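Using our numbering, you'd call the opening residue of the sequence shown number 30 and step up by one each time.
No lab work stands behind these hints, which were simulated from the structure alone. Everything numeric in this text was worked out from a predicted model, so none of it was measured. One should not assume that every hint holds.
To be verified - The calculated lysine to aspartate or glutamate pairs, modelled on EDC-like cross-linking and capped at a C-alpha distance of 16 Å, are:
{"hint": "1", "residue 1": "K218", "residue 2": "E78"}
{"hint": "2", "residue 1": "K210", "residue 2": "E224"}
{"hint": "3", "residue 1": "K218", "residue 2": "E254"}
{"hint": "4", "residue 1": "K146", "residue 2": "D176"}
{"hint": "5", "residue 1": "K137", "residue 2": "E53"}
{"hint": "6", "residue 1": "K210", "residue 2": "E172"}
{"hint": "7", "residue 1": "K137", "residue 2": "E254"}
{"hint": "8", "residue 1": "K219", "residue 2": "E125"}
{"hint": "9", "residue 1": "K124", "residue 2": "E78"}
{"hint": "10", "residue 1": "K146", "residue 2": "E60"}
{"hint": "11", "residue 1": "K146", "residue 2": "D68"}
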Amino acid sequence: MKFFLSVVLSILLFVPMTNAQTTEVTVSLNEQFFETLLDAIFKNFNAPEFPLAQRNSNLQNTASETSAVTRQFSNRIRVSSTFSETLRLNPEGCKETIRLLREGSGVKTAVRFRDGKIYAPFAFAGSYNPPFIGCIDFAGLAETSIDIEYVAQSQKLLGRVRVLNVQLDGTGGVGSSLISKLVQNSIDKKINPIEILPINKLSFVVPMQNAGGSLKMNASGIRHEVANGVLNLHIAYQFSKTN
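Take these sequences, add in the hints, and give me the full structure.
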């Protein structure tokens, strides 16, 4: 009985009731939460990595820009003997991928909530192997925004990353325009959409001791609200009896 009363009081105190069997719970996630989350991800797992997109209809000028890279490379050979620091002529082991970094280019990968929007600057490094040149190592910073939507059909909270700007370093000026486009295209096409949360993971059952069953709290929907410094997730719940 004591447990039953504690459950009822918790619901009444912390959840605004809309009717007898439907309610909404609000979960607030601040920027510090995501700082800790990112620290845990990069500490305990390999850095997220995905292929560098090279062939896409959005990159119609790739051939001409690759020629420009070749010309830049030729000029570099004539004017400098230190180009090997940027170019690795042996293509073996050139993965042609982008790797997300916790910190790089003077900026930490982070999540920021400003003016009703979600911004995510993140550092990256990678390599690119243009024809006749060799492997080019690069690094930089991508400034992005993240749009969140709840898809009722699949009952999932999804995110979509939009690239606002790419700042590149580490190429020695070789093909920076082309590589920036490849990086932007890869982020657009290889990351999206991001499955943030299937809401069935938010459903749970509360045993009702000495009451002849259990109370199921079934998550039926979710909406979000971005305030300065915090993301509020409003989760709709429906109550039902289960044995």
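Results of checking the hints against the structure:
| no. | hint | in the structure |
| --- | --- | --- |
| 1 | K218 <-> E78 | holds (13 Å) |
| 2 | K210 <-> E224 | violated (25 Å) |
| 3 | K218 <-> E254 | violated (26 Å) |
| 4 | K146 <-> D176 | holds (8 Å) |
| 5 | K137 <-> E53 | violated (35 Å) |
| 6 | K210 <-> E172 | holds (13 Å) |
| 7 | K137 <-> E254 | violated (25 Å) |
| 8 | K219 <-> E125 | holds (13 Å) |
| 9 | K124 <-> E78 | holds (10 Å) |
| 10 | K146 <-> E60 | holds (13 Å) |
| 11 | K146 <-> D68 | violated (22 Å) |
Of the numbered hints given earlier, the model fails hints 2, 3, 5, 7, 11; all others are met.
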